[in-house]
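Protein chains: 2
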Amino acid sequence: MLEVRVFSGEPRFMNTITSLEEMQKIALELHKKNKSIGFIPTMGALHEGHLQLVRESKKVNDITVASIFINPKQFGPNEDLTKYPRPIEQDKKLLDVKGTDYLFYPNVDEIYPSNFQTSIAVDKVANILEGKSRPGHFDGMATVVLKLFNIISPTNVYFGQKDFQQCIIVRQMIKDLNLQIKFHTVSTVRDPDGLALSSRNIFLNTQEREQALSLYQSLLLAKKLIDDGNKSVELIKKEMKKYLKKYKLIRLDYIEICNPENLSPVKVVSKKAVILIAAFVGKTRLIDNIII
Amino acid sequence: MLEVRVFSGEPRFMNTITSLEEMQKIALELHKKNKSIGFIPTMGALHEGHLQLVRESKKVNDITVASIFINPKQFGPNEDLTKYPRPIEQDKKLLDVKGTDYLFYPNVDEIYPSNFQTSIAVDKVANILEGKSRPGHFDGMATVVLKLFNIISPTNVYFGQKDFQQCIIVRQMIKDLNLQIKFHTVSTVRDPDGLALSSRNIFLNTQEREQALSLYQSLLLAKKLIDDGNKSVELIKKEMKKYLKKYKLIRLDYIEICNPENLSPVKVVSKKAVILIAAFVGKTRLIDNIII
Numbered sequence: 001m002l003e004v005r006v007f008s009g010e011p012r013f014m015n016t017i018t019s020l021e022e023m024q025k026i027a028l029e030l031h032k033k034n035k036s037i038g039f040i041p042t043m044g045a046l047h048e049g050h051l052q053l054v055r056e057s058k059k060v061n062d063i064t065v066a067s068i069f070i071n072p073k074q075f076g077p078n079e080d081l082t083k084y085p086r087p088i089e090q091d092k093k094l095l096d097v098k099g100t101d102y103l104f105y106p107n108v109d110e111i112y113p114s115n116f117q118t119s120i121a122v123d124k125v126a127n128i129l130e131g132k133s134r135p136g137h138f139d140g141m142a143t144v145v146l147k148l149f150n151i152i153s154p155t156n157v158y159f160g161q162k163d164f165q166q167c168i169i170v171r172q173m174i175k176d177l178n179l180q181i182k183f184h185t186v187s188t189v190r191d192p193d194g195l196a197l198s199s200r201n202i203f204l205n206t207q208e209r210e211q212a213l214s215l216y217q218s219l220l221l222a223k224k225l226i227d228d229g230n231k232s233v234e235l236i237k238k239e240m241k242k243y244l245k246k247y248k249l250i251r252l253d254y255i256e257i258c259n260p261e262n263l264s265p266v267k268v269v270s271k272k273a274v275i276l277i278a279a280f281v282g283k284t285r286l287i288d289n290i291i292i
Numbered sequence: 001m002l003e004v005r006v007f008s009g010e011p012r013f014m015n016t017i018t019s020l021e022e023m024q025k026i027a028l029e030l031h032k033k034n035k036s037i038g039f040i041p042t043m044g045a046l047h048e049g050h051l052q053l054v055r056e057s058k059k060v061n062d063i064t065v066a067s068i069f070i071n072p073k074q075f076g077p078n079e080d081l082t083k084y085p086r087p088i089e090q091d092k093k094l095l096d097v098k099g100t101d102y103l104f105y106p107n108v109d110e111i112y113p114s115n116f117q118t119s120i121a122v123d124k125v126a127n128i129l130e131g132k133s134r135p136g137h138f139d140g141m142a143t144v145v146l147k148l149f150n151i152i153s154p155t156n157v158y159f160g161q162k163d164f165q166q167c168i169i170v171r172q173m174i175k176d177l178n179l180q181i182k183f184h185t186v187s188t189v190r191d192p193d194g195l196a197l198s199s200r201n202i203f204l205n206t207q208e209r210e211q212a213l214s215l216y217q218s219l220l221l222a223k224k225l226i227d228d229g230n231k232s233v234e235l236i237k238k239e240m241k242k243y244l245k246k247y248k249l250i251r252l253d254y255i256e257i258c259n260p261e262n263l264s265p266v267k268v269v270s271k272k273a274v275i276l277i278a279a280f281v282g283k284t285r286l287i288d289n290i291i292i
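Heads up: the sequence lines are chains H and A, in that order. If you read the first sequence in our numbering, its first letter stands for residue 1, the second for the next number, and so on. If you read the second sequence in our numbering, its first letter stands for residue 1, the second for the next number, and so on.
To be clear, the hints were calculated from the coordinates, so they are not data collected in a lab. Treat each hint with caution, since some may be false.
Just so you know, same-sequence chains aren't split out, so a pair can sit in one copy or run between any two.
Calculated cross-link-like contacts (lysine-lysine; reagent style DSS-like; alpha-carbon spacing at most 30 Å) [stated by the list, open to error]:
#  : residue 1 : residue 2
1  : Lys246    : Lys283
2  : Lys241    : Lys162
3  : Lys32     : Lys58
4  : Lys182    : Lys73
5  : Lys182    : Lys32
6  : Lys25     : Lys83
7  : Lys92     : Lys33
8  : Lys175    : Lys35
9  : Lys33     : Lys175
10 : Lys33     : Lys59
11 : Lys124    : Lys73
12 : Lys59     : Lys272
13 : Lys224    : Lys241
14 : Lys224    : Lys267
One chain only, chain H, in its complex shape (with noise of 0.2 Å):
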């Protein structure tokens, strides 16, 4: 799997960047040269997911600037931020095996400076779903995201369609406040057997890890359900339900089908829309989505 960099007959290797300072400085100087900028913001742990953000990116951008920092204004007070995956030494390999140019791996006293007092929000599509079950989490996220995107003015920018929600909010933010960055979801990257990569994946035990496939058959039955021509959204929930009731380690958080452009939820599935799932795994919570 190991991809040689290349570049004009020279091996060329990632740069990581601590200071917010030095990161800002360099992305003004690739503007002034008029270099595209692709920007993946992420939390470190990186799986296939992550990778597959910067491979988008490396298509259209002359360069692409990963970040890693684990926010800590997006974890609730009961969620798992001390014990959240911290694998900088792989994830700076995998990086720049993909040919990611920056790493930007600020702390967080940089990022949140004793002062530090604004916050964004972005009130109808981040109060339902994940953001009803975790309040305050997308306001940190868009927060920093909007911070990070300050810091490194990027061109195009990556999300992974797992995080369905964040995506909307997001493009909603840039919508709003008319930043000028193109806005990219990129499919969810899964498992051979289906189960949808994410950082939180390691926590699961072998008998968890199995039952956690439950949530993407979930979402392929009601997919099922839908080509089969039913258009109910009650019957596809209910459905949906007493297929997971048979997996004893599954605690269901929601399902929920929405409109995939505003996240309004529909009653009858009649054009496109996606249906979310968020659930505990043992002590795990995994979120999944399907485009219908």
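On the provided structure of chain H, position chain A as indicated by the hints.
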């Protein structure tokens, strides 16, 4: 007072841009040509205070852009949005004569399209003083200012000291969101008798206009007390209130003595401080401040 504008032998006139997209394109072109942009956001009804901001901008920037946008989001339900003065033709003339290069004059629907839902909050400094008396005011202000910054990408921005808290909030937002913009506070311009210029002064009748002077006079009284060695905030406030009591058309909202860096209240005046006052004069709410 007319200043004739002649550049390389040719008179130059101000361009009024109403399209958001066009304004963004112009700003982008200017940046490509490495031109510095000075920006003055206003709500129109311009007076010498605004024009002073234009003068400051023209001293150091290649291009000076002003905007006129009466931002509905920063008016409360009981405030004077509909009767806020709108002398647009006069405003254009004033800006043009002072050498403004571009006036950005968008309509409300373009700034806030129907699905608009993003807002900015600057927590600590926006919920005291004016923020306490006018809930939501500063969130609305910060949101539109950030949008305008993103549309125009200014190098330098100019705000009047009269709206002292606004200055602190915008400066904090610029810092917190890592915007690459230099903030400038420009001293309050006053009528010869001391009244701080404000677009709202036109609402004052003769008697109110006369009594409105007491605001600045009370600030000067405070300054004198401090210059004479008084350090007790309590005493200074008491004396100011006693002075203002004589003016029957004045209904005091607040007097506060604060640290001018972060607006935290001070108890003893020992070093630099700002004294802020807000009061209704008849039905018109005015603010003023003085730095000690």
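**Asked** Between Lys92 and Lys33, at a C-alpha cutoff of 30 Å, which is it: within one copy, between copies, both, or neither?
**Response** within (26 Å within a copy, 37 Å between copies)
**Asked** For the identical chains here, do Lys246 and Lys283 meet the 30 Å Cα criterion within one copy, between copies, both, or neither?
**Response** within (18 Å within a copy, 68 Å between copies)
**Request:** Give the relationship of Lys32 and Lys58 under a CA distance limit of 30 Å: within one copy only, between copies only, both, or neither.
**Result:** Result: close both inside a copy and across copies, 20 Å intra and 24 Å inter.
**Request:** Evaluate Lys224 and Lys241 at a C-alpha cut-off of 30 Å and name the case that applies: within, between, both or neither.
**Result:** Answer is within; shortest intra-copy Cα gap is 15 Å, inter-copy 75 Å.
**Message:** My question is about Lys25 and Lys83: at a cut-off of 30 Å on alpha-carbon distance, are they close within one copy, between copies, both, or neither?
**Reply:** neither (33 Å within a copy, 46 Å between copies)
**Prompt:** Under a CA distance limit of 30 Å, which applies to Lys182 and Lys73: within one copy, between copies, both, or neither?
**Reply:** both (25 Å within a copy, 27 Å between copies)
**Message:** Treating 30 Å as the Cα threshold, decide for Lys182 and Lys32: within, between, both or neither.
**Reply:** both (19 Å within a copy, 19 Å between copies)
**Request:** Measure nothing new, just compare the shortest in-copy and cross-copy C-alpha distances for Lys33 and Lys59 to 30 Å and report within, between, both or neither.
**Result:** So Lys33 and Lys59 pass the 30 Å test inside a copy (19 Å) and across (28 Å) alike.
**Request:** Could you place Lys124 and Lys73 in one of the four classes (within, between, both, neither) given a Cα distance threshold of 30 Å?
**Result:** both (20 Å within a copy, 17 Å between copies)
**Copy assignment of Lys175 with Lys35, given that the CA separation must stay at most 30 Å** = Classified as both; 23 Å inside a copy, 26 Å across copies.
**Asked** Taking 30 Å as the upper bound on the Cα-Cα distance, should Lys59 and Lys272 be classified as within, between, both, or neither?
**Response** Within. Shortest intra-copy distance 28 Å satisfies the 30 Å Cα cut-off; inter-copy 55 Å does not.
**Message:** If the cut is 30 Å between Cα atoms, do Lys224 and Lys267 qualify within a copy, between copies, both or neither?
**Reply:** within (18 Å within a copy, 70 Å between copies)
Checked against the numbered hints above, the structure breaks only hint 6 and satisfies the rest.
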